[in-house]
Each structure stands twice: as C-alpha cells, then as structure tokens.
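Visitor: Spelled out, the chains give:
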Amino acid sequence: MVDKNLELFDCGHRACGGCGAALAARLVLKGAGANTIVVSATGCMEVFSTPYPETAWKVPWIHSLFENASAVASGVVASLKKQGRTEKVVVMGGDGATFDIGMLCISGAFERGHDLTYICYDNEAYMNTGIQRSGATPYDASTTTSPAGSCSFGNKRPKKDMPQILAAHGAPYVATASVAYPTDLMQKVEKAINTPGPCYVQVHAPCCTGWGFEGEQTIAIAKLAIETGLWVNYEMVDGKVVKVKKVVRKPVEEYLKTQKRFRHLFKPKRQDAEIAAIQAIADKNAEKYGIDIKLKKE
Amino acid sequence: MALAVGCRARPGKTRDNKTGSWRVFKPVFDHEKCSQCGTCKTICPEGCISESADEVFTPDYTYCKGCGLCAQECPGEAIEMKQEEK
Amino acid sequence: MPELIEGSLAVAEAVRLCRPQVIAAYPITPQTHIVEALAEMVANCKLDADYITVESEFSALSACLGASAAGSRTYSATTSQGLALMFEVCFNVAGMRMPIVMTIANRALGAPLSIWNDQQDSISLRDSGWLQFYAEDNQEATDLHYIAYRVCEDPSVLLPAFVCFDGFILSHTYEPVEQLTQPDVDTYLPKFAPKERLDAADPISFGMFASPDYYHEFRYAHDKALKDSKAIIEKAGKEFAKLFGRDYSAMVEGYHLKDAETVLVAMGSICGTTKDAIDEMRADGKKVGLLKIRVFRPFPTEDLAKALSSAKRVAVLDKNISLGSKGAATLEVKDALYGSGIPVYGYILGLGGRDVRKKDIKEIVVLAEKGQGDQFYGLRKEVL
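First to last, the sequence lines map onto chains R, P and X. Take the first sequence: its position 295, counted from the start at 1, is 295 in our numbering, and no numbers get skipped. Take the second sequence: its position 84, counted from the start at 1, is 382 in our numbering, and no numbers get skipped. Take the third sequence: its position 134, counted from the start at 1, is 518 in our numbering, and no numbers get skipped.
Because the hints were derived from the structure by calculation, they are not lab data. Only true hints are included.
Computed list of lysine-lysine pairs in PhoX-like fashion (alpha-carbon distance at most 25 Å, straight line):
1) Lys4(R) <-> Lys339(P)
2) Lys671(X) <-> Lys742(X)
3) Lys81(R) <-> Lys430(X)
4) Lys579(X) <-> Lys81(R)
5) Lys671(X) <-> Lys718(X)
6) Lys430(X) <-> Lys82(R)
7) Lys579(X) <-> Lys58(R)
8) Lys742(X) <-> Lys696(X)
9) Lys311(P) <-> Lys579(X)
10) Lys311(P) <-> Lys4(R)
11) Lys82(R) <-> Lys575(X)
12) Lys81(R) <-> Lys575(X)
13) Lys246(R) <-> Lys288(R)
14) Lys156(R) <-> Lys257(R)
15) Lys243(R) <-> Lys191(R)
16) Lys160(R) <-> Lys246(R)
17) Lys579(X) <-> Lys82(R)
18) Lys191(R) <-> Lys339(P)
19) Lys339(P) <-> Lys58(R)
20) Lys88(R) <-> Lys579(X)
21) Lys619(X) <-> Lys579(X)
22) Lys339(P) <-> Lys316(P)
Chain R with its partners taken away, still in its complex shape (with noise of 0.2 Å):
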C-alpha cells in the first residue's frame, strides 16, 4: 500500500494558482509512491517544476525531449529490468505530448509492451506554449491557433480518442480520470502501476489561464465537465469498459458558459446550432459509455 500521506511534489513550483495540471502532478505521485520514477514531456508540468536549480520532484525524474517521453521511458523500463530494480516507471505529458508529437513514440512503447504507466495531464491545449490547439482540444474551443473570429467557432474537430487507440493497441489497462475526483484518480494510478504492461490514465485537469476562470473553480469545472457527458470517467480492462461514472446529466451550456474559451458561443449571439452540436457530442458519449442515471419517474 502506498503511504497517501506522502508528498512528493514539493512546494515553491511555478504553477499557476489554481493549476490543474499541479494538483495533478501531486495526486499522481500520491497515487505511485516514492518508488517511483518519472518521465516527462516537455510542457507546463515539467516547466513549472524544474528551473535549474529548482526541482519539485522528491523522486527521480527525467525529461528529454517534448515528443519522446515513451521512448525514453522504454529504455528506462528495459534497464531497470536488466539491473533487477524495481522502481516502477511513470510517464507525464500533456495532450500536446500526448496526442500529438508524441504519437510515434507512445505507440511504439505500447506496441512492444513494456511495463510503464503513462499519465496524461489533459488541458486540451499546448498550454506552455500560449494556448495553441491540439488534438485535444474539443470541438468549438477557441485556442490561438484556432481562434473564434467572425468566420469561425474556434476548433473546428472532436478530441481524438487517446484512450481508445491505447486500448487497441493491447494496453491491459486504460483509464480516464480528473482532478474532480482526486480518490478515484490516485485509484486509477495504483490500479495502473500494479497492473503489468504499458498501462495509460487521462487525466482532465482544467486550465485557468488557457480556458479562462479563475483558479478557485478548477474543481467544479471539472466536475461541470463530468456531469454534462463533455467527459467521461471510465475504465478499460484489456481493451473492454467495466466501469463507468454515472451522472444526472446537466445540459452543456452550464459548462460552456463558465470559460472564456467558449465565450464567442454565447456573445455577441447566442450560436444554438453550435451549441446544439457540443450537445450532440455529450449525448453520443452518454449513450457510448451509459452515463446517464436513469431516474425513475412517478
């Protein structure tokens, strides 16, 4: 059992107040323990936590490149093997790391099956960078690089199914998550390290500079984004869905209406096709994973 009272994402990092990317940096660690090494992306959780000489990370940690995290941590999984260690590897990437550059080498290292967890901090966007969009980023987003204007909606396509292609890539376990549900994400975590084979949690960590709110509703957005169906928190166990998070379902206008990103869907006009299609998402996803509650009606 891992000690959950462990810190090991150490004060004084540069995170932005109310990041979610940091709280999930800390309940990741919680959930893998000090036995533990980590590889990381190129991107906002490796910027804020290790400006030479400053690091955050009580465990050993590594960073190469933005796209090779998966490669990197292959080598670091077979040498472990051949030295007889057994610190268990952790991989961290945004969505950028992730869904897009990365492609190659994350599934190369799932492809030839070796024993690491891979961890997705999604923000839906190259935050880092300035807000740029990435395969990610959901439908309608307006981003830098896919910005709302007067003949657009912002990001013009759905965000890519990582978790579905990881499964199909034989991945024992493939799990999403969010900083909403901080115990079923440090679950998730432990389930994935003690599982062998290239395991993979999403985990939904909302961006207040990228998104626009304020700090202090990262949690309830998050959770915003679970109980309209724009998210859902599941697990696959060898490529099948055995566990879904069931919610009354709320319309998604009361997410898209908290953050900036989706502003232009509200003003100057109200866009109802648009929003009428971000609803037809959430429905295909409460439909695809049964999400929704039933409530019996007298």
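Keeping the supplied structure of chain R fixed, place chains P and X upon it in accordance with the hints.
Guide: Just chains P and X now, kept in the frame of chain R:
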C-alpha cells in the same frame, strides 16, 4: 554552488521560491466550522496544507498562492478568502 | 590471430564484448548487418542485453538516453537519414551528459536519396557536442568502440561518442580483424557505474531547463569537457596499446610526414587509398605525406597545426561539403594553419559513394602543386 554536470539537481531548492508572495487573497481557516474531512489538504495544488496531530488543518502561508480552491471546495464553508493587507 | 570478417560483424562482436545492457537500434542501410548480428546474439543468449526494437531512430536514441540515465551501458547504430532523424536527440543526449556510444556507418544524406558512402551525416552533427572518431579500416573501427566507451564513461568526460566507419566501403568489406577476448575487454573496460543515475534511493532531476542566467555556463562546461577529453583519449589509447599492442592514443597520425612538401589531410577509409597512392608517389620521388585525422571532435587544432608546420602546402580531402561554403575538414585546417602562411586547398570528393582511386589522389596532389584548390574534384562534366 558548483554548476551541476548536465543540468541536474536534487530536490529542495524550490523551497527558496516563496510563492506566498504571489497572493492577493488569503485563505482564512475557521477551525470551529472544520469537520476534518481533509478535502482542502487533498486538493491544494501546492500541497501546502498540513494536518496537525489533533486534526487541525493549516496552510503554509510561505507558499500559499491564494488560489481559493480550498475555500471553494470546503464542504463546511469553513474557509474564507480575505484580501490581504500588504 | 586475425580473422577475415565483414566489418559490420567485427563491430557487432566488439559491441557484444563491451557488455551493453540495453540496445535500441533501428535498421538502416548500410548498418543493418550490425543490428541484425546483435539481435541474433541476444536470441542465442550470447549477449545478455535488452534489445528494444524501436519504431524509429528518433526513438532508438531516446530509449538509449533513458537506459543510460537509469545506469545501463547502452548502444545504438545508425547512418544518414536515421542520424538526421536523431538530430534533436543528439543535442539532448550530449547536453545531458550521457555516455552513449553509437556506430555511424557513414552514408550520404538525401536529397537526392543515396545509400552510398560519404561523411556528410556525422559531419553535419559536429556542433552537437559528441566526440567523433573516424576509422581507417575495420581493425580500427572495431578497436575504437572499446576506446570510445572507456573515454565516454570517464567521470571527467561523461559525453557520448560517434564511432564512424565508411558505409559499404568498410561495413560490408571483409578484412582481417584481430578480436579481443571477453577477459581482455573486462580488464580494459570496467563495469559502468555512474555516480548519478535515476534511483529512488537518491532522487535527482535530470534534464531541467536553464534560464539565461545559467545556459551560457552549461555550454561552456560542455565545451570544456569535450576539449579536455583529449587527455582521456590519450590515456585510454596508451592503456589499450600497452595491453593489446595497437596504439590509438593520437588524435592525428602522420604517414611519410617528416619531409613531405605536400601533405594530404583525410579521415576514414580514404586514408588507406591515400597511403597506397603516397607509396607510389614516393617511389616516383615526390615528397608527399598524409596526416590522418582520427578524432574530429574535439578537433585537434594544436596537434594538427604542429604536424603540418613544415609542409609547403596542404591538400584536404573532404567527403562532405558545408553547402554554400567548403568542406568541414578544410575549414578546420584553414583555421588551424591561420597565420602560418601555408596554403590550404580543399577538395570535395567521394560524395554519394563516388569511388576514390589512387590516381585521383595523385591528380589532387598535382592540383595542389599548381595552387588550384577549393573545388569539387572529378566532376562528370558530361552529365552536368
């Protein structure tokens, strides 16, 4: 301190960076209202809220950035964000 | 007892004897025989290594970085397009001071696509902070791997190295090679035991970012370590010579240098052809010599300047070109001889596998004598 070969470091020096100076609002804890659920300690992104032996939860104001998450999430509304006198 | 063996296989055997714990390599012509041989050794329990069949060269060197940081001796091999794909990782590995040894079976870079030999690939990474060794023949290619690991893993060095040997010309050619035994290598090359590694017992953060307050000094420290490795190369070479009789301690090596009026400067297999051409020219009474460069990085500026100090003229043979300027060795030699008054002429030749014959070397000497240099040698005017 000599330059580390290959830009490496052991942990500890982030403590030199006193992020409490970032604060505009400060969380004030009402320990009477506190139900010791531990939510504040769990969800602080800084990990700077500690629990004493007799279950009193206190933020470390040297590092607390005043983000307000603890106040927002406390189920007993035992934490209030107050503007700090500088 | 020397064995007639294909260059790639001799190199693979040397790597095996170095006992790497992790190998991550991606196949690419003309390196494939090395990585295939190593895989076969692992499959037959002749090599106790974790062999990662990575999905690209980019991942190969990245995996080596991770394994090295975790405390394993690692190995990779590549060439040309593969090395180009590793470009970003090369700078990263060197800056993170990981002592990885990588064989480069030198090959031309596309476009246009070419699978044949020249030295553009490794030369194009001369800024990366890696040591660079160039082998004249397969014996040297084999032995340089032991030297490279020994030098790289020295606590005062902790830098990666390319061991370069010409693709096809050496990699696919059978030459007599004397192999060391396992006890020999274990004596010469101690177990890899870095003072700092990824270890839960002593958590360290590797690969932090450096602000403008620190970056300049990190680069200075790296440059200094690379330049200071010269002393370690010498020591490692002398130790190897003492144990095994072959001396690789010199970064530059003369052939018929003493009274040479024209000195050719070259790296790699072309040195063998050049030596034969020199023998013939000497028989005809011409005072020609060769200065072979064994180590291109760190560049042996002082040693080279000293060795060339009594030449009347220098003709540098470059199997590469810094497009828009000159050959890489030419530029270094011109720099080394600046102020000496000795004319330095550069000749671009052998690109993309174009054969270099003894008569080409002789013609180049004539061109140098006429003061005609800094050109592409041997252009086929009929196809231009």
